[in-house]
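Protein chains in written order, with my numbering: chain A, 1 to 259; chain B, 1001 to 1262.
None of these hints come from the bench; they were simulated from the model. Built from N, CA and C at the ideal position, the CB exists for glycine as well. Do not take every clue at face value.
A few chain A positions that, by computed beta-carbon distances, are all more than 10 Å from chain B [unchecked claim]: (1) G22; (2) L65; (3) F78; (4) G79; (5) G82; (6) M83; (7) M120; (8) Y139; (9) F168; (10) T184; (11) S188; (12) D191; (13) V203; (14) Y258.
What follows is a list of derived Cβ distance ranges for each label pair [what the hints assert, rightly or not]: (15) K1137(B) to K11(A): 52 to 58 Å; (16) K1028(B) to G107(A): 43 to 49 Å; (17) K1206(B) to R43(A): 36 to 42 Å; (18) G228(A) to E1220(B): 33 to 39 Å; (19) F36(A) to D1141(B): 26 to 32 Å; (20) D1141(B) to W38(A): 23 to 29 Å; (21) V203(A) to S1112(B): 24 to 30 Å; (22) A1035(B) to Q20(A): 27 to 33 Å; (23) L240(A) to E1220(B): 50 to 56 Å.
Simulated pairs of lysine to aspartate or glutamate, DMTMM-like, Cα-Cα distance not exceeding 20 Å [to be verified]: (24) K1130(B) to E37(A); (25) K1099(B) to D127(A); (26) K1094(B) to E37(A); (27) K26(A) to D1090(B); (28) K1094(B) to D127(A); (29) K1072(B) to D127(A); (30) K1099(B) to E40(A); (31) K1095(B) to E130(A); (32) K11(A) to E1033(B); (33) K1128(B) to E37(A); (34) K1128(B) to E95(A); (35) K1095(B) to D127(A); (36) K1130(B) to D127(A); (37) K1128(B) to E130(A); (38) K26(A) to E1033(B); (39) K1072(B) to E130(A); (40) K222(A) to D1090(B).
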Amino acid sequence: MAAEIVVPGWKKWLEDIGDQVGFFLKFLRNIFTGGFEWSEFVRQCYEIGYRSVMLVGITSFIMGLVLVVQLRPTLVSFGSAGMLPKTLSVSFIREIGPVIIALICAGKIASSIGAELGSMKVTEQLDAMEVSGANPVQYLVVTRILATTIMVPVLSLMGDVIGLFGGFLGINIRDDMSFHLYFTKVISVLDFTDFLPALVKTVFFGFAIGFVGCYKGFNSNKGTESVGIAANSAVVTASLWIFVIDAIAVQVTSLLFYK
Amino acid sequence: MDEGKSNTQQKPPAKNLTEVVIAIKGLKKTFGEKAVLKGINLELKRSENVVVLGRSGVGKSVAIQCIVGLLKPDGGSLKVFGDEVAGMTDGELKKLRIKTGFLFQGGALYDSMTVRENLEFPLTRVLKLKDQREIDKRVEDALDSVGLLEAIDKLPSDLSGGMRKRAGLARTIIVNPEIILYDEPTTGLDPITSREISYLILRIQKKYKTSSIIITHDMECARIAADRILIMDDGEFIAEGSFKGLHKSKNKIVEAFFKDVL
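Throw the hints in and build the complete structure from the sequences for me.
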């Protein structure tokens, strides 16, 4: 009896995996065939990138500031208050910045893509595009996934810099450190192995955000409720993927660089 | 099948009514355990308007979605311009879709684009036109045909239901399709606008020499636009004929459709 209940669930899960693989292959095939939608791609870069600048900037600045304020008492108790800039820069550039910014982007971008494509499905716009002979995957999916893959790393880099500025303000609330000294300390501890793995994983974060948003929107059911479900499911799944990718990235990075 | 009498409506004679553009034989479609189409047969001739009447959920829209390849039939034969749809490659299906326009119930306009951009979309993406002057001319001609030129730079959200359907129809005819499939073109509209859309369908048939299948339960639309009417019930066609012929039918389901028609 129990087996009868479990099997359909696994079957549905496996079908979903199969659908996602099929969707991914369709995406790959459409990058290279039938012409690239440059104008839509640029529009998506603007929508996804430029329109997220303010949100990412403010949250990064606050994160940098809060992190310094929280770290300070512990470092002071060890007599290491001077380590604050270095501690902040390593933790922010390597881990906290990319992951938190990717989660913010998942909330803003994946939900927006999922809701937009889900609503296009409900109002038969996707069907209309398909029966007109146009290719909705090429126009809607390829452009959005590539735009998130490029713009999330750019937003992450920008957020890292702004977060470090937030840290500078955080230090100067209680201490007195010059701008020059702060950034000399911040940069002195960073090297190639801090920047590159963090940048590479944000590329994967961006891809996951775009892919999940498009997949959930494209495969939503035909009902108004399904638009909300697509948006919600896109955020949850993309956030989960960000943590999975981060866990894998940490393992790979530690094997390659931190032996 | 209940045979109606010959068409007596005052409409211009259709051109070359003998050539079959869509031939459906024994078409079946099942969703889960529910058989939606139970082996329907239909022939659409060139420049002919066929209206399919039927209650909601009897499989009317499923039938026309199979014609453009949006749904895959489970059995039977479906030929458009002599070619079997089921065996078509992506390229062949694309060519078929250029020749077969589809008007969705709500117009299905792309809501992030203006009316002009909606109409330019199939020209630039499907027909790959580059000359902006030709594109502008075709957009203006199509909008002029549906009487919507003044709304060219408006967004779909600024249009009324009737205007949205007109804009959707303009986007459908802009690629000069030989067949147009209308999915409930007058649903949700007031009687006056419904009549305008029905006459517009007739004008499009005359001007562009299109063959059409019109899915509806609007009897006024059927009276105005139909050369021939098919009545569908429970996944099958149960009656066929002209509006006047079916009006006299003794079939109970047909009678139910025509009982309030004067």
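Practice problem: Using the beta carbons of A1035(B) and Q20(A), state whether their distance is inside 27 to 33 Å or not. | Solution: Given a distance of about 31 Å, which is inside 27 to 33 Å, the answer is holds.
Exercise. Could you tell me whether the CB distance from K1137(B) to K11(A) stays inside 52 to 58 Å?
Key: Between K1137(B) and K11(A), where Cβ atoms are some 54 Å apart, the hint holds.
Quiz item: Does the Cβ-Cβ separation between V203(A) and S1112(B) fall within 24 to 30 Å?
Solution: About 27 Å separates the Cβ atoms of V203(A) and S1112(B), which means 24 to 30 Å holds.
Exercise. Look at the Cβ atoms of L240(A) and E1220(B) and judge whether their distance stays inside 50 to 56 Å.
Key: holds, 53 Å
Quiz prompt | Holds or violated: K1095(B) to D127(A), with C-alpha atoms at most 20 Å apart | solution = holds, 16 Å
Self-check item: Hint consistency between K1072(B) and D127(A) [alpha-carbon to alpha-carbon, up to 20 Å]
Solution: holds, 14 Å
Self-check item: Outside-interface status for F168(A) - nearest CB in chain B farther than 10 Å
Solution: holds, 41 Å
Exercise. Take a quick look at whether K222(A) and D1090(B) sit within 20 Å of each other, Cα to Cα.
Key: Violated: K222(A) and D1090(B) sit about 24 Å apart, past 20 Å.
Quiz item: Holds or violated: are the alpha carbons of K1072(B) and E130(A) at most 20 Å from each other?
Solution: holds, 14 Å
Quiz prompt | Given as non-interface: G22(A), which should sit over 10 Å from chain B by C-beta | solution = holds, 14 Å
Practice problem: Mind checking the alpha carbons of K11(A) and E1033(B) for me, to see if they're no more than 20 Å apart? | Solution: holds, 18 Å
Exercise. Verify the proposed pairing of K1095(B) with E130(A), using a straight-line Cα cut of 20 Å.
Key: Holds - the C-alpha atoms of E130(A) and K1095(B) are around 12 Å apart, at most 20 Å.
In this structure, the hints that do not hold are numbers 7, 8, 30, 34, 36, 38 and 40, in rising order.
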